[in-house]
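Engineer: Protein chains in written order, with our numbering: chain S, 55 to 287; chain Z, 49 to 451.
Read the hints as simulated data drawn from the structure, not as lab findings. No residue lacks a Cβ here, since even glycine has one placed at the ideal position from N, Cα and C. Please note that the accuracy of each hint is not assured.
What the hints assert, rightly or not - Calculated from the model, a selection of chain S residues having no Cβ within reach of chain Z, i.e. all distances over 10 angstroms:
1) 78
2) 86
3) 103
4) 139
5) 151
6) 156
7) 188
8) 191
9) 193
10) 210
11) 224
12) 226
13) 246
As the list claims (entries may be wrong) - If you anchor each label on the Cβ, the simulated ranges turn out as follows:
14) Z:400 <-> S:243: 52 to 62 angstroms
15) S:145 <-> Z:58: 19 to 29 angstroms
16) S:96 <-> Z:330: 54 to 64 angstroms
17) S:256 <-> Z:359: 43 to 53 angstroms
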Amino acid sequence: MDGEIFGFLGPNGAGKSTVIRMLTTLSEPSEGTATVGGYDIVAQADRVRKIIGLVAEKIILYPRLSAVENLMFFGELYGLDRRQLRDRVEKLLTMVQLQKFRDSPVGGYSSGMRQRVNIIRGLLHDPEILFMDEPTAMLDPQSIRFVRDLIKELNQDGKTIVLTTHIMEEADELSHRIGIIDHGKIIAADTPAGLKSKLGCQTLEEVFLQLTGKALRDSASNHVPMRRVMGRV
Amino acid sequence: MKSQLLFQIYITLRMAHKDLLDFWKAKMLVATFTVMPIIMMTMFGSMFPQTGVANPFSGKVSSPYKNSPMAIVVEDTGSFGLQVADQFKQIASSTGLFDVLEFASFGSARERIVAGSLKGAVVIPAGFSEAFSSQRQATVLITTDDTNPQMASIIYGEASSIFKTISGRLSASFIAKMNNSVDASFISEPISVERRNLAGSTTNNFQFLAPGFMALTVVTGTLSGLAAVISREREQGTMDGLLVAPVPRSTIVVGKVLGQTVRGMIQASLILTLSILFFGVRIYGSPSLMALVMFMGVASFAGVGIILSAIASEQETAQMMMMLLQFPMMFLCGILFPIEQLPEWLQWVGKMLPLYYAADALRKVIVLGASFAQILPNLTIMFVYATITMAVAIPIFHKAMTR
Chain S
55 MDGEIFGFLG
65 PNGAGKSTVI
75 RMLTTLSEPS
85 EGTATVGGYD
95 IVAQADRVRK
105 IIGLVAEKII
115 LYPRLSAVEN
125 LMFFGELYGL
135 DRRQLRDRVE
145 KLLTMVQLQK
155 FRDSPVGGYS
165 SGMRQRVNII
175 RGLLHDPEIL
185 FMDEPTAMLD
195 PQSIRFVRDL
205 IKELNQDGKT
215 IVLTTHIMEE
225 ADELSHRIGI
235 IDHGKIIAAD
245 TPAGLKSKLG
255 CQTLEEVFLQ
265 LTGKALRDSA
275 SNHVPMRRVM
285 GRV
Chain Z
49 MKSQLLFQIY
59 ITLRMAHKDL
69 LDFWKAKMLV
79 ATFTVMPIIM
89 MTMFGSMFPQ
99 TGVANPFSGK
109 VSSPYKNSPM
119 AIVVEDTGSF
129 GLQVADQFKQ
139 IASSTGLFDV
149 LEFASFGSAR
159 ERIVAGSLKG
169 AVVIPAGFSE
179 AFSSQRQATV
189 LITTDDTNPQ
199 MASIIYGEAS
209 SIFKTISGRL
219 SASFIAKMNN
229 SVDASFISEP
239 ISVERRNLAG
249 STTNNFQFLA
259 PGFMALTVVT
269 GTLSGLAAVI
279 SREREQGTMD
289 GLLVAPVPRS
299 TIVVGKVLGQ
309 TVRGMIQASL
319 ILTLSILFFG
329 VRIYGSPSLM
339 ALVMFMGVAS
349 FAGVGIILSA
359 IASEQETAQM
369 MMMLLQFPMM
379 FLCGILFPIE
389 QLPEWLQWVG
399 KMLPLYYAAD
409 ALRKVIVLGA
419 SFAQILPNLT
429 IMFVYATITM
439 AVAIPIFHKA
449 MTR
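Could you put the whole structure together from the sequences, leaning on the hints where they help?
Structural biologist: Written as structure tokens, this is what we have:
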């Protein structure tokens, strides 16, 4: 899936976040393993960390620190030289149009602004693969549009993007390929068009509901039960 | 390899710096953090009777037991009784110890003690003068308000010391009459006692409290700070940002401990500064040794702090757990009062806790000017604690974070 946008879909509690956490080395799989960018997520976790970027569901920024302070801190964790890093931060802030607010605490930002900083936080070390967990959740239409365009742009610049979302149109619009996970297993993986024609559906939403059923997914366990882990990203 | 190590050290420091920066930006938190030791010192310092501590604002020496209202009842009908009573009044008022009021009978004085308007009564009983005339030892009776045992014993001590002075004067004059060639004090009091302190001037309660509070603040401040920062990072999701970066987990843990330690040490130096400026505390030992003791005190608890915050899933739980740990330590580790005042089994519990050794060592350094070698046993115990708890804590932290 080099260089593509991979839409990773699944109902609540299907194991999406758990898989993302494992692929980004945040959780260790209880059994099995996987490779990311050719590196083993357990044995070569540190290698994996260098080539991936993470835009998690929760904003990874310190609310009391300014955008620049946040970005400089996280950038330095990747061993970037301070001067180069400063240039990079400026460039990225310009890209998401936030130079004006660079020194205000991010806690005071609107959700859209915060998410834009959160996204460039994942891009500081110019990762090969970017994991984005519901990057447009709870944003206004303008911000959603901005983020979606940004995702396309980043992909055109050569980044592989793993995207999870509950918005089917978004997945349809952005993804080159779609993977659907349910009960901890990948139940389908194809291009959006391929999925639709295979199941004879008009929209991706129909595909999704046909594959995962219409029943509500209520579960209340603290730990997501994880069985098999996926193969290669 | 070497540059890798330097990078890790740099990242560790950067983690600590970030936590401190984050803390510094929370202005209300910083304010609370500053006011807290001031209030603690003032409250706890004033809780205990003190002698010779000047009021920081007026410079007046005050004691809650100065000028205490005290009754004197002279039941004796002879002249000696009245003489002794006059001397008592004179000494009491010149030293400012008691405000002496005359009462006709012990019964009426007793009523006033029960009512709370008198701290005690001195009775010169009938037959006092007669005993003197027939050259027998005479007795005075001292009664105190026993509702506050601590105060009662101080009042009793002060009143009896006045009578000791009077008694001494009398014996000197008796001896002088009997034999002019001998030093009167040699016969009346062949052995006299003078107090010589181990280091410098007299001690006061703050001299005892300040080192204890410094140790307590550094340790508990670091503990609860650690619990707060770790659980907050987990809750707000920023911990994932640290974990997903290609840095060893130990830089996160050590960085956090370091950041909180610096914070705790700042608070401790604040206590020390206040104690020196306002509460007459003097330092007789070396400041770098003090810093070492405080650092080891923190290190000995850091593991426990990490384990608790790793176990607790949210900030509130973590902080409550820390409180549970801190509160008894205040009493068990000789912070507020010497541990010897506790029952033996509780003393043992206190001696199991590293805070006891931190407070003890810090007190020895500050009050007695102890050297490194003299506090080495304490440092060794803290080091052993630190090593064991950290060895347990780091794997637990790893496990909790990758859950």
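Engineer: Look at each hint and say if it fits the structure.
Structural biologist: Each hint, compared with the structure:
1. A cut-off of 10 angstroms between C-beta atoms contradicts the statement that residue 78 of chain S is not in contact with chain Z; the least separation is 5 angstroms.
2. Distance check for residue 86 of chain S against chain Z: the nearest CB is about 15 angstroms away, which clears 10 angstroms, and the non-interface claim stands.
3. The claim that residue 103 of chain S lies off the interface is violated: its Cβ sits roughly 4 angstroms from the closest Cβ of chain Z, which falls inside the 10 angstroms cut-off.
4. For residue 139 of chain S, the requirement that its beta carbon stay farther than 10 angstroms from each beta carbon of chain Z is met, with the minimum near 12 angstroms.
5. No Cβ of chain Z approaches the Cβ of residue 151 of chain S within 10 angstroms, the least distance being about 23 angstroms, so the stated non-interface status holds.
6. Distance to chain Z confirms residue 156 of chain S as a non-interface residue, since its nearest Cβ pair spans about 16 angstroms, more than 10 angstroms.
7. For residue 188 of chain S, the shortest C-beta to C-beta distance to chain Z comes to about 13 angstroms, beyond the 10 angstroms cut-off, and the non-interface label holds.
8. Interface exclusion of residue 191 of chain S from chain Z stands, the closest Cβ pair being 13 angstroms apart, more than 10 angstroms.
9. With a least beta-carbon separation of about 17 angstroms from chain Z, residue 193 of chain S lies farther than 10 angstroms from that chain, consistent with its non-interface assignment.
10. Residue placement check: residue 210 of chain S keeps its beta carbon more than 10 angstroms from all beta carbons of chain Z (closest about 24 angstroms).
11. With a closest Cβ-Cβ approach of about 22 angstroms to chain Z, residue 224 of chain S is found to remain outside the 10 angstroms limit, as its non-interface label requires.
12. With a closest Cβ-Cβ approach of about 28 angstroms to chain Z, residue 226 of chain S is found to remain outside the 10 angstroms limit, as its non-interface label requires.
13. For residue 246 of chain S, the non-interface assignment is confirmed: its Cβ lies about 29 angstroms from the closest Cβ of chain Z, beyond the 10 angstroms cut-off.
14. Between residue 400 of chain Z and residue 243 of chain S the Cβ separation comes to about 58 angstroms, which falls inside the hinted range of 52 to 62 angstroms.
15. Distance hint check for residue 145 of chain S and residue 58 of chain Z: the Cβ-Cβ separation is about 24 angstroms, which falls inside the suggested range of 19 to 29 angstroms.
16. Distance hint check for residue 96 of chain S and residue 330 of chain Z: the Cβ-Cβ separation is about 59 angstroms, which falls inside the suggested range of 54 to 64 angstroms.
17. The hint said 43 to 53 angstroms for the Cβ distance between residue 256 of chain S and residue 359 of chain Z, and at roughly 51 angstroms that hint holds.
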